[in-house]
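Starting from the known structure of chain A, arrange chain B on it as the hints suggest.
Those sequence lines, one after another, are chains A and B. Here our numbering is used: the first residue of the first sequence is 142, the next is one more, and so on. Here our numbering is used: the first residue of the second sequence is 695, the next is one more, and so on.
None of these hints come from the bench; they were simulated from the model. Glycine residues also receive a C-beta, built at the ideal position from the N, C-alpha and C atoms. Honestly, I wouldn't trust all of these hints.
[Stated by the list, open to error] If you want the footprint, here are the derived chain A segments under chain B, 3+ residues with CB under 8 angstroms:
id	stretch
1	204 to 217
2	229 to 239
3	244 to 255
[Stated by the list, open to error] Sample of chain B residues at the chain A side, in silico, Cβ under 10 angstroms:
id	residue
4	704
5	804
6	809
7	811
[Unchecked claim] Taking CB as the label site, the calculated pair distances span:
id	chain 1	residue 1	chain 2	residue 2	range
8	A	234	B	877	21 to 29 angstroms
9	A	171	B	780	49 to 57 angstroms
10	B	877	A	200	15 to 23 angstroms
11	B	933	A	198	31 to 39 angstroms
12	B	875	A	152	25 to 33 angstroms
13	B	780	A	234	17 to 25 angstroms
14	B	837	A	200	55 to 63 angstroms
15	A	160	B	849	56 to 64 angstroms
16	B	719	A	269	31 to 39 angstroms
17	A	324	B	776	58 to 66 angstroms
18	B	818	A	292	26 to 34 angstroms
19	B	916	A	182	49 to 57 angstroms
20	A	263	B	856	52 to 60 angstroms
21	A	198	B	907	39 to 47 angstroms
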Amino acid sequence: MDETVVILAQGLTKSYGRVRALRGVDLEVHRGEIFGFLGPNGAGKTTTIRCLLDVIRPDGGHARVLGLDPQVDPVAVRARVGYLPGELRLDDSYTVEGQLRFLNHLRSGKADWEFVRQLSRRLDLELKTPIKNLSKGNKQKVGVLQALMHRPELLLLDEPTFGLDPLMQQEVLGLLSEMQAAGTTVFFSSHILSEVQEVAGRVGIIRMGKLVEVADVAALISRSLRRARVRFKEQVDARELERVPGVRLLSADKLSALLEVEGEMNGLVKALAAFPIRDLDTERPSLEEIFLAYYAVDGKEGE
Amino acid sequence: MFTVFRQSLARSRATVLGWGLSLALLSMYLMTFYDTLVEQQAGLQQLLAGYPPELMSFFGSGTEMFTPQGYLTLEFFSYMPLVLGIYAVLAGSGLLASDEENGTLDLVLAHPISRSRLFLGRFLAFLWDVFVILAISWVGFVIGMRWTHMELSWGELAIPFIPLAAVLLLFGSLALLGSMLLPARRLAAMLAGLVVVGSFFVTSLARVDENLEAVARFSPLNYYQSGDAVLGLNWGWLLGLIGVSALLALLAWWLFERRDIRVGGEGNWRVPMLWKKPAPAEK
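The following block holds chain B by itself, in its conformation from the complex:
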């Protein structure tokens, strides 16, 4: 299992560093504006008062943007599930299916490693990658905080990353399950991506339209705490997200244990042709 774990980490190293360092730079950049924002609070509040409340609600608690948790929510944590959700969906859907589709899984599974161990090795590598990306981003915030007067400890700054990790785990597990159920990785990624985007918009719009509240209850991001987690974790939501993720991952494992492994290129999904290609002219 550790061979598979190490191999998966080696393969994703560049991607993880790319995401982590980009987000760390973004974090540092965002932190430089916090003091300026607080200094101009009075003028900005007057400006924001003119904005439609629906618009402000869409991005969370707009009036609290001058508090550390409000600022972190608005500038980073509100949209990170969408941005990093794409990463989680691509990583989750490709965890096993990309090797299956390119044909390398056939050879690996002909070696003395059980499917369960292979699954676990890959899944742990995914968790580790998410952890590393978020940890590098957190380091970016910690460095950026030195240039501001934001009064948060390093530990408090780390707390909002926990619910973010939980939703990424959920999106990744959903994409992984999709890749076990559907005939192609890209189809699984596309459908899980739709869930990510749909969840983001449904949850955001439900803040301004109470008719959507019933639908939003089914949205994973309805249970995502964002920057407000600085004030304390909502354990119910957090454990709920982790529980659903575990369930999705267990289902994916169960399916992986039972399915036939395809050889490269076999059974790929294609966009169905809406029209028939004309038959080649007979010579």
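Just chain A, with the same shape it has in the complex:
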């Protein structure tokens, strides 16, 4: 296996009774990247991540994590991975520190406790607080902290910012970027598209148990449809612009036009040179709009 490939999944399938959670997921995540795994609830994000850790077993296909088969050598895989479950549940009988120390013992005390304190300060988390007294958001911080504290080679995070306030979401995203800079590969699932757009280099979009798209975030956005609003100095017939390949006229009046452009803007800009232009605005779609386009099939949202 190529050593730059940290996660490899080929044809992963998984069913829960009649529900087909994964229908042949193929995935490659490369060393050192931040990979955003997008999909709505029930699309198969959590199932994929749990298969990678051998918490559940796929029905078909195979996976390699850090070059290892999680089903053959799960302990070796988990020793090098930091994991945050989507449904994080902590042991209420512990304090934050007690919980972290227990989990650290399971890793044979691999965590650097100075780093733990540093993380807890950044996450504004008091280590002596009993878990049972923590809010949902603070429990999530414990989850993030335990995943990061041993500086793993690979982070598998299922909705890492879930339940956090916007400031803390930014802090966590910043931590992920720092971990990446230090050499960690980050694979995280989310349905908050703005955060994926902010930190991820590539995204995979999963829909009804199948990966429907994997692309660079920038490329995904640039190759998709964008809108152009043109205002003219004098009355024109904007319908002529529809002759430009890839351009569709959405609406027009005598002094303005709203156009949809697929691919390069070059043809439109050249065509507009013949018009008396007052100004031109273009809008790139957000990742959210692209994502929704994948799910808006036959007027229905996916799962």
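Okay, now just chain B, sitting in the frame of chain A:
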């Protein structure tokens, strides 16, 4: 594995102390009556002669209740498999399934610990807890014996706890296996609890109704020695109980190695609805 073992012990500490100290107090209390019972043996024997033999047989060898082993059987060891069986069933069914159902097992198993080590750590903690509860109870008897003329050594007094430990191990392992097979811990606990109660009654009733003897052969408590173990262990029965327990535990381990770990709240068993809830009225 020792991390899991220590964690399990820490979590069950209060429960174990609660059971152990309660039984120790009961043991001490029971021992205070032994001398009185022996002193009034003649009168009591006359009284017991009037009781139906079926009733006396239900509680074991009624005529031997004036001997140390008969007294221990009647007052403590005859019904302890039922009382402590409930503890064993709850502990066994929750050994892994309670963490799975509350969702904490997902995070633990994402750490570098194999399922086998986790299983072993938890199972050893269960064995240790049973040992501690019985040891505290035994201490209660030892203290109580100082106030009586019961002629048993501390070692002899400890022997009936061995078959008791063996049946608790069996009930705990059965509940553990049930929790691996069934979709919910409480269902496993309920079914294993039914086995405990059923076994107690079948074994007891088989003493008075020989038609039940064939059924009683399948009852674990048929091979439980009770207080009679003071006179010497029945090694065949003891090893049989331990062997079946080991088999049940091995099956549970085998299933745990192969099963998917559920996330919190997933796939819980509920009492099936016998009637359908009326649909909410449309607004």
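Structure-based check of all given hints:
Counting residues of the stretch 204 to 217 of chain A whose CB lies closer than 8 angstroms to any CB of chain B gives 3, so the stated coverage by that chain holds, three being the minimum. Coverage of a stretch by a chain is defined here by at least three residues with a beta carbon nearer than 8 angstroms to that chain's beta carbons; for the stretch 229 to 239 of chain A and chain B the count is 5, and the condition holds. Proximity of the stretch 244 to 255 of chain A to chain B, defined as three or more residues with a beta carbon under 8 angstroms from a beta carbon of that chain, is established by the 5 residues found. For residue 704 of chain B, the suggested interface contact is upheld, since its CB lies about 8 angstroms from the closest CB of chain A, less than 10 angstroms.
Given the 10 angstroms rule on beta carbons, the hint for residue 804 of chain B holds: about 4 angstroms separates it from the nearest Cβ of chain A. Hint status for residue 809 of chain B: holds, given a least beta-carbon distance of 8 angstroms to chain A, under 10 angstroms. The closest approach between the C-beta of residue 811 of chain B and any C-beta of chain A is roughly 9 angstroms, which is under the 10 angstroms cut-off, so the hint is satisfied. Range check, residue 234 of chain A to residue 877 of chain B: about 26 angstroms between beta-carbon atoms, so the 21 to 29 angstroms window is met.
Restraint check, residue 171 of chain A to residue 780 of chain B: a C-beta distance of roughly 55 angstroms satisfies the suggested window 49 to 57 angstroms. The given range of 15 to 23 angstroms is respected by residue 877 of chain B and residue 200 of chain A, whose C-beta atoms sit roughly 19 angstroms from each other. Our hint of 31 to 39 angstroms for residue 933 of chain B and residue 198 of chain A holds, since their Cβ atoms are close to 36 angstroms apart. At about 30 angstroms, the CB distance of residue 875 of chain B to residue 152 of chain A agrees with the hint of 25 to 33 angstroms.
The supplied range of 17 to 25 angstroms is met by residue 780 of chain B and residue 234 of chain A, whose beta-carbon atoms lie about 23 angstroms from each other. A hinted range of 55 to 63 angstroms for the beta carbons of residue 837 of chain B and residue 200 of chain A is consistent with their spacing of about 59 angstroms. Hint check: residue 160 of chain A to residue 849 of chain B, Cβ distance near 59 angstroms, so the stated range 56 to 64 angstroms holds. For the hinted restraint 31 to 39 angstroms between residue 719 of chain B and residue 269 of chain A, the CB-CB distance of approximately 36 angstroms keeps it satisfied.
In this structure, residue 324 of chain A and residue 776 of chain B meet the distance hint of 58 to 66 angstroms, their C-beta atoms being roughly 60 angstroms apart. Against the hinted window of 26 to 34 angstroms, the Cβ-Cβ separation of residue 818 of chain B and residue 292 of chain A comes to about 32 angstroms, which satisfies the hint. The hinted window of 49 to 57 angstroms between residue 916 of chain B and residue 182 of chain A holds, with their beta carbons roughly 53 angstroms apart. A hinted range of 52 to 60 angstroms holds for the C-beta pair residue 263 of chain A and residue 856 of chain B, which are about 56 angstroms apart.
Checked against the hint of 39 to 47 angstroms, the C-beta distance between residue 198 of chain A and residue 907 of chain B comes to roughly 46 angstroms, which is consistent with it.
The earlier numbered hints are all upheld by this structure, with none contradicted.
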